[in-house]
Amino acid sequence: MHGTGAAQVLFGVDPLWLSTAIFILAYVVLLSERIHRTVVALLGAAAMVVSGILSQDQAIAGIDFNTIALLAGMMVIIAITRRTGVFEFIAIWAAKRARAEPIGILILLALVTAVFSALLDNLTTVLLVVPVALLIVDKLKVSPYPYLFSQILAANIGGTATLIGDPPNILIGSATGLSFNDFLLQLGPIALLILGLVLILFYGVWGASLKTTDALKARVMRFDERGSIVDARLLRQSLTVLGLVLGGFVLGEYVHVAPGTTAMCGAALLLLLTGIGQDRRGQAEQVREALREVEWSALFFFIGLFVMVHGIQATGLLERMAAALMGVTGGDPMVTAFTTLWLSALVSAAIDNIPFVATMIPLVETMVPALGGAAAAEPVWWSLALGACLGGNGTLIGAAANVMVAGLSERAGTPISFTRFLLIGMPVMLASVALANGYIYLRHFL
Amino acid sequence: MLTCREVMHPTTTPLYADEPVGTALDFIMERHMGLVPVVDRQERFVGVVSGERLMRALLPRHLTMVRGLDRMGYLRESREELRERLDELAQRPLADVMEPRAEVVYPDTPLIEAHTILAGTQFVVPVVDRDNGRLLGAISFFTILALLRDEPSWNERLDSEHATERGA
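Sequence lines, in order, name chains S and C. Every position in the first sequence, counted from 1, becomes a number in the working numbering once 871 is added. Every position in the second sequence, counted from 1, becomes a number in the working numbering once 642 is added.
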């Protein structure tokens, strides 16, 4: 039975029910957060194979290696680039551009975070910007909360704008073949609009109350952003490669190079460049250090998830779920798109959006013919992306970046209360999803 | 076999975990000690406060917190800003700043264990009672060398100096 051939299901249990049971059990354990999510996903995947629902070859075929390559490649590039201090440089530079005025800093740092998280992953972005923001706030002796909240919202909104900005987009782009430019052109404008409105809201709410003294502002103006750059050569190399990779994402569509390949090429090129002029031991150390920064637990989580979802797909569960969903929406692309948008927003506010989107993707794929083909189904994909990304703003546990910011601020001595964030995050989330709903209607159904 | 009991310098500490850091700063500056044991009100050993810990606590916490910044080369602080942080630090309880996971030995521990710690992670090793956790003494480079060279330990000398000063 090695390798190919029809799988033999254990104990003669109906594979549909067995795969459903494995999937639901894994989901329940994931939601309980009692066991690390990577372990749960890998165990679920293993159960799909051991029980005979999938053969090993089928399981491996179910893994989206474009996503894995894109994530891993970007992790390497970002790990090296962040060592140069360029992200701190930009954050400090922005704060000084605002003449150390508290509300100006809030707006500019939110913009920096939005742009970074559109181009990098959200977690890295908040990990780089939030501690700098907290340091500046500490110097200015103003409340950190407006800054923390704006950072969370900006990270999630910025991440919505591009294919590489947020894991749901990476997953959707990889599965559908929608290009980097498609994402930018479809999701960029609405993300920009929402960000602008959120910043106006913050200006309105906190513009007047965030006050500090000239002496404290002088402390921030004394910061010397040039001091954050440690290695100018590494900086040039990193920025060159980052630029090439972003260019590669844009051009990839025309030369048929998938984002995963582009990111991996960039990572390899950057490792090559940083190794120039080093002896063999130095090169080995460089490579080891860069690979250590790769979040292997996240990659294996994705791998496990892909196999689990492939399991329920192979047994026909997703087809049934899709049929049920089509029954609700009547197969109408607009109703399906709006249902997907709100469903994914509400689910993503409550739980990790990655497993949800990973499950929804094959589900939507199944519905494509009934919706009237790939072109008719496109708004459903954008709805899934917008819902999953913007939904993360709803609660403090809605996205990984939120949890990271909460952790950072707690350790800095200013814990964020769940309710306090909910009071601003939930209205912003609902309003932004409503805006997204209108946007999709205007662009695709009017 | 040399055990820690024979080598240690019997010591008590005036530093309690619930006291403010300022008290420890006074003591450390007066005695020029880089690492001092800390006890709770039942005289049980609970940690050590060291120059490293104090320096770390004096850094901006955005640098030292878990997953904080790697460095702050851009920071340009005045003496005044550092003083503000020191004043804040002096108010905090010692328990916040001490190293609670300090390595300790027991009186019957073979000396080599203490010696190994001294060669690596910690330059003073507290000796605590195995049963009640009380601080009994401390072993350092000085106590070991003083024993081998049949000299009074550095602490003993300091104590006698203090006694002389007070007498005079």
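Calculated from the structure, these hints are not laboratory results. Among these hints, one or two may not hold up.
[Stated by the list, open to error] List time: in silico EDC-like cross-link candidates among lysine to aspartate or glutamate, alpha-carbon distance up to 20 Å:
(1) S:K1012 to C:E722
(2) S:K967 to C:E723
(3) S:K967 to S:E1096
[As the list claims (entries may be wrong)] Take a look, some chain C residues computed to stay more than 10 Å from chain S by CB distance:
(4) T655
(5) L677
(6) H704
(7) R709
(8) D712
(9) R721
(10) L731
Quick reminder that beta carbons are idealized off the backbone N, C-alpha and C, glycines included.
Worksheet item: Among the hints numbered above, which are violated by the structure, and what are their numbers in rising order?
Response: Hints 6, 7 and 8 contradicted; others consistent.
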